[in-house]
Each structure stands twice: as structure tokens, then as C-alpha cells.
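Participant: Go by the hints and put chain B onto chain A.
Same order as they appear, the protein sequences are chains A and B.
Residue numbers for the first sequence follow the numbering used here, beginning at 1 and rising by one.
Residue numbers for the second sequence follow the numbering used here, beginning at 1 and rising by one.
Hints are not guaranteed to be accurate.
Unchecked claim - With the C-beta cut set under 8 angstroms, the calculated list includes, among others, these residues of chain A facing chain B:
# : residue
1 : A97
2 : H120
3 : A132
4 : A150
5 : C324
Unchecked claim - Per the computed footprint, the stretches of chain A lying under chain B, defined by three or more beta-carbons under 8 angstroms from a beta-carbon of chain B, are:
# : segment
6 : 133-139
7 : 142-149
Stated by the list, open to error - Listing some non-contacts, in silico: residues in chain B with all C-beta distances to chain A over 12 angstroms:
#  : residue
8  : A112
9  : I124
10 : W167
These are computed hints drawn from the structure, not numbers from a lab.
Glycine included, each C-beta is placed from N, C-alpha and C at the ideal position.
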Amino acid sequence: MKRLSRCRSTASLRPLSTGGESGLKDVTSSEASVEAAKPLPEPAAPDMPLLRIESVAKSFGNFRAVDQLSLDIRAGEFFALLGPSGCGKTTLLRMLAGFETPDEGRILLGGKDIAPVLPHERPVNMMFQNYALFPHLSVRDNIAFGLKRAGMARADIAARVAEMVALVKLEGMEKRKPDQLSGGQRQRVALARSLARRPQVLLLDEPLAALDKKLRESTQGELMELQRRLGTTFIIVTHDQEEAMTMADRIGVMDAGRLAQVATPRNLYEAPASRWIAEFVGDINLFNGQVMSRDHSRLTVSTSEAGSLTVSELWPPVTKDVVCVAIRPEKVKLSRRAPASDEGGSHGINRLEGVVADVNYLGGVTTYKVRLESGAMVRSSMANTARLDVDAYLAGQRVVAWFTADDCMVLEQ
Amino acid sequence: MSARRIFARPARLAAIAPYLWMVLFFLVPFAFVLKISLSQTVIAQPPYTPVFDLTEGREALTAAFAQLSFDNFRLLLHDDLYILSYLRSLVVALTSTLILLLIGYPIACGMARLPQRWQGVAMILVIVPFWTSFLIRIYAWINILQHDGLLNKILLALHIVSAPVVWLSTDSAMYLGIVYSYLPFMILPLYATLSKMDASLLEAANDLGASPRRAFWLVTFPLSLPGVGAGALLCFIPIVGEFVIPDLLAGSDSLMIGQTMWLEFFTNKDWPVASAAAVALLLLLVPPLLLYDRLQRRQLEGNS
Numbered sequence: 001m002k003r004l005s006r007c008r009s010t011a012s013l014r015p016l017s018t019g020g021e022s023g024l025k026d027v028t029s030s031e032a033s034v035e036a037a038k039p040l041p042e043p044a045a046p047d048m049p050l051l052r053i054e055s056v057a058k059s060f061g062n063f064r065a066v067d068q069l070s071l072d073i074r075a076g077e078f079f080a081l082l083g084p085s086g087c088g089k090t091t092l093l094r095m096l097a098g099f100e101t102p103d104e105g106r107i108l109l110g111g112k113d114i115a116p117v118l119p120h121e122r123p124v125n126m127m128f129q130n131y132a133l134f135p136h137l138s139v140r141d142n143i144a145f146g147l148k149r150a151g152m153a154r155a156d157i158a159a160r161v162a163e164m165v166a167l168v169k170l171e172g173m174e175k176r177k178p179d180q181l182s183g184g185q186r187q188r189v190a191l192a193r194s195l196a197r198r199p200q201v202l203l204l205d206e207p208l209a210a211l212d213k214k215l216r217e218s219t220q221g222e223l224m225e226l227q228r229r230l231g232t233t234f235i236i237v238t239h240d241q242e243e244a245m246t247m248a249d250r251i252g253v254m255d256a257g258r259l260a261q262v263a264t265p266r267n268l269y270e271a272p273a274s275r276w277i278a279e280f281v282g283d284i285n286l287f288n289g290q291v292m293s294r295d296h297s298r299l300t301v302s303t304s305e306a307g308s309l310t311v312s313e314l315w316p317p318v319t320k321d322v323v324c325v326a327i328r329p330e331k332v333k334l335s336r337r338a339p340a341s342d343e344g345g346s347h348g349i350n351r352l353e354g355v356v357a358d359v360n361y362l363g364g365v366t367t368y369k370v371r372l373e374s375g376a377m378v379r380s381s382m383a384n385t386a387r388l389d390v391d392a393y394l395a396g397q398r399v400v401a402w403f404t405a406d407d408c409m410v411l412e413q
Numbered sequence: 001m002s003a004r005r006i007f008a009r010p011a012r013l014a015a016i017a018p019y020l021w022m023v024l025f026f027l028v029p030f031a032f033v034l035k036i037s038l039s040q041t042v043i044a045q046p047p048y049t050p051v052f053d054l055t056e057g058r059e060a061l062t063a064a065f066a067q068l069s070f071d072n073f074r075l076l077l078h079d080d081l082y083i084l085s086y087l088r089s090l091v092v093a094l095t096s097t098l099i100l101l102l103i104g105y106p107i108a109c110g111m112a113r114l115p116q117r118w119q120g121v122a123m124i125l126v127i128v129p130f131w132t133s134f135l136i137r138i139y140a141w142i143n144i145l146q147h148d149g150l151l152n153k154i155l156l157a158l159h160i161v162s163a164p165v166v167w168l169s170t171d172s173a174m175y176l177g178i179v180y181s182y183l184p185f186m187i188l189p190l191y192a193t194l195s196k197m198d199a200s201l202l203e204a205a206n207d208l209g210a211s212p213r214r215a216f217w218l219v220t221f222p223l224s225l226p227g228v229g230a231g232a233l234l235c236f237i238p239i240v241g242e243f244v245i246p247d248l249l250a251g252s253d254s255l256m257i258g259q260t261m262w263l264e265f266f267t268n269k270d271w272p273v274a275s276a277a278a279v280a281l282l283l284l285l286v287p288p289l290l291l292y293d294r295l296q297r298r299q300l301e302g303n304s
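Extracted from the complex, chain A is given alone in its bound form (with noise of 0.2 angstroms):
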């Protein structure tokens, strides 16, 4: 609702809203400003997503592509599908799209099956990862394309044409072959021609794939605003886990045909739902242990590598004795004596003495490895907040390796 909400407020700024949803149809202002007032894609009733998956499966021979999955996207949502190389969130996409037909399980768009919708039927658009431009039409033809099977009038088209020109900022290149274009260029002409007929949800194979690291940078950024000023539902499905953290609403992984978990950027990364999710987004620290004792939803685990640990338990508490204490590097603080405060525990510090092994410094934070007693590796990472390096630590330098019981998660093994 966050989403919708900020779509509505915003609605009057939006140049693309004027011509409504279904709406490849002429629109004059004073109809444009009662329709801007309502939400974007209307959900067939209040607590029903804009597209909900249900149980679908499909199968490649043998190999079970996605398995028996189900999620809900809201309208006007950006959501990303994130996982590595063959997990089926390439092949989930491509059946929303209608290019791969479930094998079980219903897609249900709006309330409406859209099993029986043909794909050039469907009120969905694909930007495909090479972008599939047609090589032998101009920039121009490109984004008029869609609209021109949609039967919309020659000045219609012509208008939002030039419309989406301006939108991704190609003006003057309408007439040029996608051949006469850069990579980045081209990644804008895909966009523009997959947002032409404004479909209620845009579906994007990974988009920055093909464009060098500065290049991605800016054009998550474009992504994002456009998205917000458009309200499309954007649904990405991407294998950097960085992208997916930076532009998505909500982000589901998938492995192996299945939705590992769903969550915020910040859920997923703060509490991740299983020791696979941890170690595959963001680095982390992992010492399997055994608990020892509870209190107060604190546990005390021990571990081989690092001692006896304090943990902090959220909901729902683990039910299993083997679990596996996780913190990412940048909760793990280096100083060269243990911290003052913590007396006798309290607050539930730990405190784990080392070597330093490793310095790397990389700009704005420096990861550090330190080598504890049994030979385990914790790896931290500090921001350098100030220029002359008074903080900075030496490879062979004693150092105590600190984090707090609120920033450990335990998770099953």
C-alpha cells in the first residue's frame, strides 16, 4: 500500500497516466484529470493482489523448472526475482508472459485466469535481456510496434511515440537502426517499446545485464523513477542480488524451482529466512553451535570455532538444539581492547580475540580478517568515516572482534 499510495499523490505529474489503463485509447484532458484521481491498476477487490500466482509448476523433461510456487504482487508494485543461473525465475517470467504454459497451477491477473490469454493477447510486455529489437526497423518503428497492432490511430501513435522518446530520453535518434545505437541507447529503446502499451505489468529479464557497472548504476536509478512516476507494476527477474536490493519494493528468491523467501530488501538481508539465503545475499559470518541455554529469549550457543556465544532470539523461536549463529561483517566491530561497557555480559556483547589476518581497504569501508584461536576467520568490515586513519588495523595486530547478541540471528541448520 506504501506503493499505491505514493503513486496516487503523484499522479498529477505523471504524463503517461492521461490515456488511462486498457487505454491505447485518445483521452482529452478534462477526462484525463477524473482519471489521474483513481489508483492505478484497479484490483478486482480490495485485498486481491493485481497478479497472483498459484501453486504452478512446470517441468522441462525431467528437470522441474519452477516448483509448485505461489506469490501475490500488488499493483504498483516493483518486485524482483532474484536467485542464480537455473533456479526457474527466468522461466516463472516467461510463463506470465505467456511463452511457457504451467504445467499445473493457475496465473490469475486482475481475478482472471490468463491461462487461455494468448501471449499477443495478454496486458503484459516483456523487455527481454538482449533486448530483441527489431533490426530492420528504425527507433521510431520499434516503440510504434506494439501500438500499431493495437489498432490506434496514426496521430495517436505518432504522439506517444514521441511521448516515450522523451521518457527515456532518446530524442533525435527516432529515425536511427538499432545497430547505429550503443548498448545503453538500445537497453532505452527496449524499454520505451515495452512501456508503449502501458501493460499493467511490465515484466524485465534482466535489464542492466549487458551494460558495463557505471552505466547499470544510473539506469537502476532512471528504472526506479520512472516506475514510481509510471505506477506499472515492474516485475525483474535478476541474478545481482545488489540490483534487486536497490530498486525492488520486495524481493523473492528462488532456488531450485522454489520461493526461498519473500521479503523487504531489509528483511532479507537482516533475517534472512534459512542459512542458504544468508550466505547468498551479502557476506556473512557463520559458526554452527549448539544452544546451551535460554533466557529471556537469549540464547547462549556453543560453538567450536568462536567459544560460547550470546544470541538474541526473534520470532518465531528456533525450535532445534544445532543451529548456526550468523552476523554480517560490517556488526562485527574490531577495537584493541575488549569494550568497556560490557560488564559481566549484560548487554549481551561478544567478544572474540584474534589476529588480524587480512586488510583490504577498498574506498569507503575496509574489510578486515581476523584469525581466531581455533583457526576460524571472522571477517568484519568498518566504514571509513575519517580521512587520516587513526582506526586502521595492521596485518599480525591483536585485535578483539566484537558484536552484539542483537545483531547475531540463528538460524537452522
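Facilitator: Relative to the frame of chain A, chain B by itself:
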């Protein structure tokens, strides 16, 4: 520098080789033919005059040059026989190319959509007829099409016809022979273009509201035009000058230019007129070649 010296010479030779080939095996023979086409026919050995003899000195050579004339080309324009032959050649070549396109395109399309390992098999099946001599294959068609041939036997046995049908020495038989012989030349360039096409383009067209049929006409077909052009020219040009197939399979009431040339050359022993006909045919084929060249160049410019 040393590397450059090593590679420079063979590289330059390699660049010259095609030109050398063209000069030796096209331009020089063409000069002979052109000279004969400007000569007069005589009953002698060789059967034309003048004959350039370098040993007789400069005077005689100049005199020989003065004897050359365009009379034979004038004859080509004034005698219906030649103009009708040219026209028939063009009509036959155009019609055959069209039929070849209509048959070859779906086959090439089907081949390009086969799973990868079957594409090689299909390719071999297309090429396999080349392992038998072209002439033998045409004679085989005579066998099939003749009065008591295989085709008539089957048709009679199935009671589709009550009396043998005349197939041989008809235009239909000739078209059948031409289409059969040239089909691989149409399929291969088409297949080369179609198999390179990115499947996601069709999906994109589909996604943007084009039904599969419209996607074919809006995306696949325009993108396959270079292949269509290559295949069409690869068939059209040799069919215009085709001699064996019309001679063996078609009737004798109207001749293609290849047959007319053969008649002039071997039956009438009129080398100059036959040569003039050959030169005229070459000139006739230049415009389509230039057109193709221009299309290809535009294609290349588009890609760069």
C-alpha cells in the same frame, strides 16, 4: 616490421588472386566472344572473318579492325526469333524463380526450426541429389514422364486417368525439371538467413501484440529478404541461360535463348550471331546483378 614483411606478400597475392581469376577465365574469353560477335560469318576454318593475325604487321591488323561491325546485333533486334527467345527465357526464369521461392521458403523455414541435430540431416538431404550427375537426373525425369513412364503407370493404376497423359515435351515438364534441379540453390541461402534469426525477435513481436502469423510477415520475412535475394538470383541467372532442361523436357515449338544459341552455333555454324546473342544475354543479366549488389551494400551499411 619483420612480421609485416613476412605476411605482406602472401596477403597481397591472396588479394590479387580473385582478380587474376576473373581476368584469365572471364575477361579474356569474353574478349574473344565479343570479337567474334563483331565479325562476319564465312565458310572457312575458323568460320568467321576477319581473323587477327599478329604476324602480318600493323597495316593488316588495322584493316581487320575496320571490318568489325555491329551487323549481328542489328540482326538480333530485327529477327523475331531472338527477341522471342530472350522473352521466353526471361518469362521461364521469372516463373521458375517464383515457384522455387514458394516451395523453397517453407522448406527452409521448416529446416531452420528443426532441433539442432536434425538440421544437419536435413541439410544433407537437400544436398544429396548433387551426388548424382545432373544429366542423369534429367534423363531419369524423361523416364518418369514418358508415355509409358512411371507417372502414367501410377495414374492409370489408381484410375485417376483413363488414358496415358502427355507429360514429356510440355512446359510443365520443363518447369518440373527446372524447379527440381534448382531447389537446393534456393533453399540453402534461405536456410542460412533463417537459421541465423534470433528466436526472441518473434517472441518480442508476439509480446507486442502480433499474432504468430503477423509476426512472420512483420519480422521473419523482412529479415530474410537478403536470403530471398541471394536465392532468387542464384536461380534466376543460370535459368535464363538454361539449355539442357528445356532441350530435353520442353517441346520444340518455342526456344529459350540457350537453345537458340546452340542452334546458331552447331546447326547453322554461325559463330558470330551466336556470340552476339551471348553478349546480349550477358548485358541483359547485368541490371539484376547490379540491383542485388546495391541491396547487399545497403545491408552492409546498415550493419556497420
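Participant: Are the hints correct? Go through all of them and say.
Facilitator: Structure-based check of all given hints:
no.: 1; hint: A97; result: holds (6 angstroms)
no.: 2; hint: H120; result: holds (5 angstroms)
no.: 3; hint: A132; result: holds (4 angstroms)
no.: 4; hint: A150; result: holds (6 angstroms)
no.: 5; hint: C324; result: violated (42 angstroms)
no.: 6; hint: 133-139; result: holds (count 4)
no.: 7; hint: 142-149; result: holds (count 3)
no.: 8; hint: A112; result: holds (17 angstroms)
no.: 9; hint: I124; result: holds (27 angstroms)
no.: 10; hint: W167; result: holds (43 angstroms)
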